[in-house]
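K.L.:
Sequences listed follow chains V and B, in order.
Sequential numbering from 1 applies to the first sequence in the numbering used here.
Sequential numbering from 640 applies to the second sequence in the numbering used here.
FYI, nobody ran anything at the bench for these hints, they're computed from the structure.
Cβ coordinates follow ideal geometry from the N, Cα and C atoms, glycine included.
Take the hints with a grain of salt, since some may be wrong.
Stated by the list, open to error - Selected chain V positions facing chain B (in silico; Cβ < 8 angstroms):
id	residue
1	Ile616
2	Gly617
3	Thr624
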Amino acid sequence: MNISAILAISILIPFAGFLLNFLFGNKMPKGLVGIIGCGTILVALAMNIMLFVNALNGPETITYFNWIHAGSFSVDFSFLIDRLSVLMLLIITGVGFLIHLYSVGYMHDDDAYFRYFAYLNLFVFFMQMLVLGANYLIAFIGWEGVGLCSYLLIGFWYKNTNYNNAAKKAFIMNRIGDLGFLIGIFWIFNQFGSINYKEVFAGAQGFIVNNNYNDSVIIFITVLLFIGAIGKSAQIPLYTWLPDAMAGPTPVSALIHAATMVTAGIYVIVRSHVLYSLAPFTQDIIAIVGISTAFFAATIGLAQNDIKKVLAYSTVSQLGYMFVALGVGAYGSGMFHLMTHAFFKALLFLCAGSVIHAMGGEQDMRVMGGLRKKLPITFITMLTGTLAISGIPPFAGFFSKDEILAKAYEHNPILWAVGLITAVITAVYMFRMLFLTFYGNFRGDAHQESHLHESPSTMTIPLSVLAVLSLVGGFLGIPEVFGGKHILNDYFTPIFSDISSVPHTGTALSHSMEFILMGISVALVLVAIFFASRMFIKKSAEGMEDENQKGFSKLLAHKYYIDEIYDTLIVKPADWFSGFIYRFLELDFIDGIVNGVGQATSYSGKTIRKMQTGHIGFYLFAMTICIVILILINNFFIS
Amino acid sequence: MNSIITTIPINSYILLCTTLFCIGVMGVLLRRNVIIIFMSVELMLNSVNLLFTAFSAYSSNPAGQIFVFFVMVVAAAEIAIGLAIVVMIHRNTKSVDVNEWSKLKG
Numbered sequence: 001m002n003i004s005a006i007l008a009i010s011i012l013i014p015f016a017g018f019l020l021n022f023l024f025g026n027k028m029p030k031g032l033v034g035i036i037g038c039g040t041i042l043v044a045l046a047m048n049i050m051l052f053v054n055a056l057n058g059p060e061t062i063t064y065f066n067w068i069h070a071g072s073f074s075v076d077f078s079f080l081i082d083r084l085s086v087l088m089l090l091i092i093t094g095v096g097f098l099i100h101l102y103s104v105g106y107m108h109d110d111d112a113y114f115r116y117f118a119y120l121n122l123f124v125f126f127m128q129m130l131v132l133g134a135n136y137l138i139a140f141i142g143w144e145g146v147g148l149c150s151y152l153l154i155g156f157w158y159k160n161t162n163y164n165n166a167a168k169k170a171f172i173m174n175r176i177g178d179l180g181f182l183i184g185i186f187w188i189f190n191q192f193g194s195i196n197y198k199e200v201f202a203g204a205q206g207f208i209v210n211n212n213y214n215d216s217v218i219i220f221i222t223v224l225l226f227i228g229a230i231g232k233s234a235q236i237p238l239y240t241w242l243p244d245a246m247a248g249p250t251p252v253s254a255l256i257h258a259a260t261m262v263t264a265g266i267y268v269i270v271r272s273h274v275l276y277s278l279a280p281f282t283q284d285i286i287a288i289v290g291i292s293t294a295f296f297a298a299t300i301g302l303a304q305n306d307i308k309k310v311l312a313y314s315t316v317s318q319l320g321y322m323f324v325a326l327g328v329g330a331y332g333s334g335m336f337h338l339m340t341h342a343f344f345k346a347l348l349f350l351c352a353g354s355v356i357h358a359m360g361g362e363q364d365m366r367v368m369g370g371l372r373k374k375l376p377i378t379f380i381t382m383l384t385g386t387l388a389i390s391g392i393p394p395f396a397g398f399f400s401k402d403e404i405l406a407k408a409y410e411h412n413p414i415l416w417a418v419g420l421i422t423a424v425i426t427a428v429y430m431f432r433m434l435f436l437t438f439y440g441n442f443r444g445d446a447h448q449e450s451h452l453h454e455s456p457s458t459m460t461i462p463l464s465v466l467a468v469l470s471l472v473g474g475f476l477g478i479p480e481v482f483g484g485k486h487i488l489n490d491y492f493t494p495i496f497s498d499i500s501s502v503p504h505t506g507t508a509l510s511h512s513m514e515f516i517l518m519g520i521s522v523a524l525v526l527v528a529i530f531f532a533s534r535m536f537i538k539k540s541a542e543g544m545e546d547e548n549q550k551g552f553s554k555l556l557a558h559k560y561y562i563d564e565i566y567d568t569l570i571v572k573p574a575d576w577f578s579g580f581i582y583r584f585l586e587l588d589f590i591d592g593i594v595n596g597v598g599q600a601t602s603y604s605g606k607t608i609r610k611m612q613t614g615h616i617g618f619y620l621f622a623m624t625i626c627i628v629i630l631i632l633i634n635n636f637f638i639s
Numbered sequence: 640m641n642s643i644i645t646t647i648p649i650n651s652y653i654l655l656c657t658t659l660f661c662i663g664v665m666g667v668l669l670r671r672n673v674i675i676i677f678m679s680v681e682l683m684l685n686s687v688n689l690l691f692t693a694f695s696a697y698s699s700n701p702a703g704q705i706f707v708f709f710v711m712v713v714a715a716a717e718i719a720i721g722l723a724i725v726v727m728i729h730r731n732t733k734s735v736d737v738n739e740w741s742k743l744k745g
């Protein structure tokens, strides 16, 4: 098989799965629906592994046809297979397949089983389009498509109004970012005369050669693309949709709102790294937005009692880390953390799903506790994930997070300090979640206790695989100080070679300094875990009732009242303004015109019909008079 | 043949035709008997026909005379339909007075 056929199969087969399940799924048995859902992704994964092997030999652009051609504007329907896109493909279909498999068990009792798998396959299709596109427009199709799938799956249980509102919130907040992204694309075309990655980045090389940094046009373009990334990757100020997106089924949260879709913003920036390297000003903005999001989301995570909300804020926080890496120019480190995060956060979400499954839909950690013995596999895997995200060596999170922290230190020690504090907070809230869920005594009612059970094997197998990945994923990037080989950096060398001539800010760390930084972070995290164990094993959930919250913890539990502030500042005025428009512009003005035309016609008809007397003599007389008048006009006025 | 027509000056034709036409118009406007009105319409049509013929002869152009045939055909068709309507209405109202027909008004 040649490469373009492999690529076509890889992209189209999830779409075929979507069509089959969506159109015929309600008539098919559940087993078949599940086989189609998982099988298509497995085939795509196999194809992607072939693409991966191929991409190691060098990047390749596959063009299927010329899509839009108007004047100097030309867009090909083409895909770029290089080391960056195939790595994303492997994450999407690899983690995606495990989550599909998990869903077979998790969603088994749901009536809309086929619809669920159809949407999930559609998501994989669009996500592949997004990462494979060889120009910004193809990427934008995928970008919008994954947003649509996110909306459909958040509102999957559409009979619940709150879930629908969460879906709408996610969609609308994403649209704000999408607008930025779209304007960014327009501007790129205006500046470079093309939206193909190849030509754009070749054009950008000219700026590097001329040493032209912080050009205002490049700053605008990069900031606009970053606004798109803010929306999709849930950063301040557009992050509030992600915690609400937990309304969807838990595997969806794992796939879309942790592992893949929310990292699309990271991917687009890494893809456009040439442009970003030209705009250190934008990079500073990214670093600041990233680190503040990481910190604030982590503090909110400290006081959440819903197991999925904790993980949601944790995701926001970890995405912030990735943006810090991009902001300091460490694109490879950002991708490294993206990958390890995909492993351990998908794992954590699936574990949370397993717990929720066992608890019969209950998500409040205050009524859990002591699940360690009832759900042993879930406990072990969740412990792995928690250790990984907390950055305990040798788990995956340690390597990627410390790489980012080290790069941040090179750039600016303040970034490192805030990042370190965030890492400590991360350890506290993650272990708080683990302890509240699995340690202590069971705090639910007797009915829930009798219902507790370990999940079926379709759910525990993905958990185990992801746990292994969370353990070994970090070995792809062993830092030099440990005498290891940084496989991922070598892997990415061809991708980032085009910015090798861009001068670096800051100085490289000495090995001893790097050891010290690692030592500090690991030591502080261990202290944090010890602190969390004292706090949450012994005292368990005492004093966590809603009415007992005071002062700062109340502020945290209410997420800094950000939702309320947005409501007051944006939603309410917008609502009031639309009401105003409705009353005055719509009712009085537009309706006035429409009704006025109708009334005028009706009135004039009533008046004129009185001329129709029915007397033929009168008609004839009127006709004659009129003809005479016409003749007179013709003779005396016109000629 | 043209010489016979052209022995009478054109002004006389115009005067005659205008008079006939005006008589027709007055008949249409003033009479209430629908049969008379029809006859007046015919009078108007034929006065025009006469004028056509006269002008045609004076300008040596046969087009005017051909036109007369068309007018006759149309007039015949019009009379056929018109009289049919008159007959139908007369059967219903037992009247040929046009003012009686204002009942048709919706």
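K.L.:
Give a verdict on every hint.
P.N.:
Hints versus structure:
{"no.": "1", "hint": "Ile616", "in the structure": "holds (4 angstroms)"}
{"no.": "2", "hint": "Gly617", "in the structure": "holds (6 angstroms)"}
{"no.": "3", "hint": "Thr624", "in the structure": "holds (6 angstroms)"}
In summary, this structure violates none of the numbered hints.
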